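Chain residues, written in single-letter form:
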Amino acid sequence: MVKKILAYSYIYLILLLMYVPILVLIIFSFTNATYIGSWNGFSFELYAALFQSEEIMVAVGNTVIIAIISAVCATILGSLGAIGGFYMKRRGRAVLENINQIPVVNAEIVMALSLVVMFVFIGNMIFGGENLFSFWTLLVGHIVLSAPFVYLNVKPKLQQMDPSLYEAALDLGCGPRQALYRVVLPEIIPGIFSGFMLAITLSLDDFIITAFTRGSGLLSGANNIETISTLVQAKIKKGPIPPEMRPLTTIIFLIVLLVVIGISIYRNKGTSYKNVMRKRLRARRD
Amino acid sequence: MKFRFQRKYLCIPYFLFLILFVIIPIFFIVYYAFTDGNGAFSFDSLVEFFTTTNKINVLVQSLLFSTLNTIICLVIGYPIAYILANKKYNSNYVIVLLFVMPMWINFVLRTGATRDVLTWLGVNGGTSPYFATMLGLVYNYLPFVILPLYTTMLKLDKSQIEAAIDLGCNRVQVFTKSIIPQSIPGVIAAAQMVFMPTMSSYVIPETLSEGKIVLFGNSIYLGFANNQWNSSSFMAVIMLVIIGISMLITRNFTEKDTSEEDAAW
Numbered sequence: 057m058v059k060k061i062l063a064y065s066y067i068y069l070i071l072l073l074m075y076v077p078i079l080v081l082i083i084f085s086f087t088n089a090t091y092i093g094s095w096n097g098f099s100f101e102l103y104a105a106l107f108q109s110e111e112i113m114v115a116v117g118n119t120v121i122i123a124i125i126s127a128v129c130a131t132i133l134g135s136l137g138a139i140g141g142f143y144m145k146r147r148g149r150a151v152l153e154n155i156n157q158i159p160v161v162n163a164e165i166v167m168a169l170s171l172v173v174m175f176v177f178i179g180n181m182i183f184g185g186e187n188l189f190s191f192w193t194l195l196v197g198h199i200v201l202s203a204p205f206v207y208l209n210v211k212p213k214l215q216q217m218d219p220s221l222y223e224a225a226l227d228l229g230c231g232p233r234q235a236l237y238r239v240v241l242p243e244i245i246p247g248i249f250s251g252f253m254l255a256i257t258l259s260l261d262d263f264i265i266t267a268f269t270r271g272s273g274l275l276s277g278a279n280n281i282e283t284i285s286t287l288v289q290a291k292i293k294k295g296p297i298p299p300e301m302r303p304l305t306t307i308i309f310l311i312v313l314l315v316v317i318g319i320s321i322y323r324n325k326g327t328s329y330k331n332v333m334r335k336r337l338r339a340r341r342d
Numbered sequence: 015m016k017f018r019f020q021r022k023y024l025c026i027p028y029f030l031f032l033i034l035f036v037i038i039p040i041f042f043i044v045y046y047a048f049t050d051g052n053g054a055f056s057f058d059s060l061v062e063f064f065t066t067t068n069k070i071n072v073l074v075q076s077l078l079f080s081t082l083n084t085i086i087c088l089v090i091g092y093p094i095a096y097i098l099a100n101k102k103y104n105s106n107y108v109i110v111l112l113f114v115m116p117m118w119i120n121f122v123l124r125t126g127a128t129r130d131v132l133t134w135l136g137v138n139g140g141t142s143p144y145f146a147t148m149l150g151l152v153y154n155y156l157p158f159v160i161l162p163l164y165t166t167m168l169k170l171d172k173s174q175i176e177a178a179i180d181l182g183c184n185r186v187q188v189f190t191k192s193i194i195p196q197s198i199p200g201v202i203a204a205a206q207m208v209f210m211p212t213m214s215s216y217v218i219p220e221t222l223s224e225g226k227i228v229l230f231g232n233s234i235y236l237g238f239a240n241n242q243w244n245s246s247s248f249m250a251v252i253m254l255v256i257i258g259i260s261m262l263i264t265r266n267f268t269e270k271d272t273s274e275e276d277a278a279w
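From first to last, the protein sequence lines stand for chains A and B. For my numbering, count along the first sequence from 1 and bump the result up by 56. For my numbering, count along the second sequence from 1 and bump the result up by 14.
Each hint should be verified, as a subset may be incorrect.
[What the hints assert, rightly or not] Ranges between beta-carbon positions, derived for each pair:
{"no.": "1", "chain 1": "B", "residue 1": "G53", "chain 2": "A", "residue 2": "V316", "range": "47 to 53 Å"}
{"no.": "2", "chain 1": "A", "residue 1": "F107", "chain 2": "B", "residue 2": "V137", "range": "31 to 37 Å"}
{"no.": "3", "chain 1": "B", "residue 1": "F55", "chain 2": "A", "residue 2": "L226", "range": "51 to 57 Å"}
[As the list claims (entries may be wrong)] These stretches of chain B come out as covered by chain A in the derived footprint (C-beta under 8 Å, 3 or more residues):
{"no.": "4", "stretch": "88 to 94"}
{"no.": "5", "stretch": "112 to 122"}
{"no.": "6", "stretch": "129 to 138"}
{"no.": "7", "stretch": "253 to 263"}
[Claimed, not checked] Taking lysine-lysine and the DSS-like style, the derived pairs with C-alpha atoms no more than 30 Å apart in a straight line are:
{"no.": "8", "chain 1": "A", "residue 1": "K60", "chain 2": "B", "residue 2": "K101"}
{"no.": "9", "chain 1": "B", "residue 1": "K172", "chain 2": "B", "residue 2": "K102"}
{"no.": "10", "chain 1": "A", "residue 1": "K60", "chain 2": "B", "residue 2": "K172"}
{"no.": "11", "chain 1": "A", "residue 1": "K60", "chain 2": "B", "residue 2": "K191"}
{"no.": "12", "chain 1": "A", "residue 1": "K294", "chain 2": "B", "residue 2": "K226"}
{"no.": "13", "chain 1": "A", "residue 1": "K59", "chain 2": "B", "residue 2": "K172"}
{"no.": "14", "chain 1": "B", "residue 1": "K191", "chain 2": "B", "residue 2": "K169"}
{"no.": "15", "chain 1": "A", "residue 1": "K60", "chain 2": "B", "residue 2": "K102"}
{"no.": "16", "chain 1": "B", "residue 1": "K191", "chain 2": "A", "residue 2": "K59"}
{"no.": "17", "chain 1": "A", "residue 1": "K293", "chain 2": "B", "residue 2": "K69"}
{"no.": "18", "chain 1": "B", "residue 1": "K102", "chain 2": "A", "residue 2": "K59"}
{"no.": "19", "chain 1": "B", "residue 1": "K69", "chain 2": "A", "residue 2": "K294"}
{"no.": "20", "chain 1": "A", "residue 1": "K291", "chain 2": "B", "residue 2": "K69"}
{"no.": "21", "chain 1": "B", "residue 1": "K191", "chain 2": "B", "residue 2": "K102"}
{"no.": "22", "chain 1": "B", "residue 1": "K102", "chain 2": "B", "residue 2": "K169"}
{"no.": "23", "chain 1": "B", "residue 1": "K101", "chain 2": "B", "residue 2": "K169"}
{"no.": "24", "chain 1": "A", "residue 1": "K60", "chain 2": "B", "residue 2": "K169"}
{"no.": "25", "chain 1": "B", "residue 1": "K172", "chain 2": "B", "residue 2": "K191"}
{"no.": "26", "chain 1": "B", "residue 1": "K226", "chain 2": "A", "residue 2": "K293"}
{"no.": "27", "chain 1": "B", "residue 1": "K191", "chain 2": "B", "residue 2": "K101"}
{"no.": "28", "chain 1": "B", "residue 1": "K172", "chain 2": "B", "residue 2": "K101"}
{"no.": "29", "chain 1": "B", "residue 1": "K169", "chain 2": "A", "residue 2": "K59"}
{"no.": "30", "chain 1": "B", "residue 1": "K226", "chain 2": "A", "residue 2": "K291"}
{"no.": "31", "chain 1": "B", "residue 1": "K226", "chain 2": "B", "residue 2": "K69"}
{"no.": "32", "chain 1": "A", "residue 1": "K59", "chain 2": "B", "residue 2": "K101"}
{"no.": "33", "chain 1": "B", "residue 1": "K22", "chain 2": "A", "residue 2": "K145"}
Just so you know, the hints here were simulated from the structure itself, not pulled from any lab data. All values derive from a computational prediction rather than experimental measurement. Idealized CB from N, CA, C, for every residue including glycine.
Work the whole structure out from these sequences, hints included.
Below is the structure:
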């Protein structure tokens, strides 16, 4: 019992410490004081200021657009790569998997720099000194970051799949394409989905790749594309987090919390369903 | 000849993508590392790196910070993962999610928040840059340590632990002779999640030390910001070498199992 209390107090202490910065920001988003630590009375003023700040809204818009587009591209590329790789001969698959592993283990800053150096070189040598940096280079950077993880999420689902399913579909008159679409795809959809979610979170959180490979475009127009990460970084380099960004933390926190609650409800449903089936099976055996 | 569809052709776009945007860029880094500004072959960057005490200091400091951060995260995270994975203490998956949830909140925002709270408490980059940076690093990387350790701990062989108890091991021996050896793959995976990213981190040391502490990542970033492609490429090559070495060391320990990647989902 004492052990249990000790264990729990340790866990909750660390949890509390981990959440202190976020919680402080959330608490001080409900006052209009300029500095954290001073309280001017409760108000929603900062929330109004957040939605009126064009700079922040543009950054949020850019971040979401890039996350969705890059995650869709990474999911398509990575999933097709995993399916193709799965049906390749051993040697080819080993090559593909080793290359796929490079961005996973490589430091993000090295990847980012390598892309930049290549784009600079191509811009100088082939396009006569033109600046290639734009939304497209940024997109490539984000796909390089996330596609390998999609591949790694889809691969185990392919390995768990019953290989005779595909053969059965062919025997029953499907063409290879139809069989892939109607038999293989439904089997690996959970892997594709988790890969997609991971790609979204990697893109949303990214700073280094964005800072290196971005150019002008999207909602930022002729200026360099700002995402939440690059905008916040530019601000905190000069001073404390601007007051109108505190509510942004609250909103992000609430969205993440909703997702987490969603996941745990979904998991509980899954396990309770399993329990029911297990009980039924046991009842039948008895 | 008519084109015949084969399933393996599906990976061609991804394969081309990887060659174009992963393999070739690495060759460009190596090319820039060993040429001078005019594109002629030279060892200038190499000589500059190893003769500038400043840069060697950055390398040593980065290695120290990475090692220390990895150790602190493991020391704090190991008991957490053990408790979370142990059915006796915890059967609630929500607490596990609470530990990884900070990962999904923008890390630049969290870093800024950490700095502002520290400033409020009177401890900041101005007064104690080393402490502030270390705290920020541990804050950021703790979830990355807990997750792989947790998935390994879930798979601990309970019967081996019970056997150890039955055969007369005391608690300490059970821990050192059964639990630790079984969780080594998780420890290695966790260390990999922390060590290299710490070395190459930019935002955290830059923000929390108010620019006083320069790690490898900051150094490369500065080179990039000043268009010094050759010297920053050479530093990137050094990072690649360190990554290669650490992979060779850890290769023997890690499991050939990637199905854990989706544990968070």
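Here is what the structure says about each hint:
1. B/G53 x A/V316: 47 to 53 Å: holds, 52 Å
2. A/F107 x B/V137: 31 to 37 Å: Taking Cβ atoms as reference, A/F107 and B/V137 lie about 34 Å apart, which means the hint holds.
3. B/F55 x A/L226: 51 to 57 Å: Given a distance of about 56 Å, which is inside 51 to 57 Å, the answer is holds.
4. 88 to 94: holds (count 3)
5. 112 to 122: holds (count 10)
6. 129 to 138: Result for this restraint: holds, n = 5.
7. 253 to 263: holds (count 4)
8. A/K60 x B/K101: Given pair A/K60, B/K101 holds - Cα atoms ~11 Å apart, limit 30 Å.
9. B/K172 x B/K102: holds, 12 Å
10. A/K60 x B/K172: Holds: A/K60 and B/K172 sit about 19 Å apart, inside 30 Å.
11. A/K60 x B/K191: holds, 23 Å
12. A/K294 x B/K226: The hint holds at about 14 Å.
13. A/K59 x B/K172: holds, 19 Å
14. B/K191 x B/K169: holds, 16 Å
15. A/K60 x B/K102: Cα-Cα ~8 Å, so holds.
16. B/K191 x A/K59: holds, 21 Å
17. A/K293 x B/K69: holds, 23 Å
18. B/K102 x A/K59: holds, 10 Å
19. B/K69 x A/K294: holds, 26 Å
20. A/K291 x B/K69: holds, 28 Å
21. B/K191 x B/K102: holds, 21 Å
22. B/K102 x B/K169: The given pair, whose Cα atoms are some 15 Å apart, holds under the 30 Å limit.
23. B/K101 x B/K169: Given pair B/K101, B/K169 holds - Cα atoms ~12 Å apart, limit 30 Å.
24. A/K60 x B/K169: Given pair A/K60, B/K169 holds - Cα atoms ~21 Å apart, limit 30 Å.
25. B/K172 x B/K191: Holds - the C-alpha atoms of B/K191 and B/K172 are around 13 Å apart, at most 30 Å.
26. B/K226 x A/K293: Distance of about 12 Å is within 30 Å: holds.
27. B/K191 x B/K101: With Cα atoms ~21 Å apart, B/K191 and B/K101 stay inside 30 Å; holds.
28. B/K172 x B/K101: Holds. B/K172 to B/K101 sits at ~11 Å (cutoff 30 Å).
29. B/K169 x A/K59: Holds, at about 22 Å.
30. B/K226 x A/K291: holds, 18 Å
31. B/K226 x B/K69: holds, 14 Å
32. A/K59 x B/K101: It holds: about 14 Å lies between the C-alpha atoms, which stays within 30 Å.
33. B/K22 x A/K145: holds, 9 Å
Violated hints for the displayed structure: none, as all numbered hints are satisfied.
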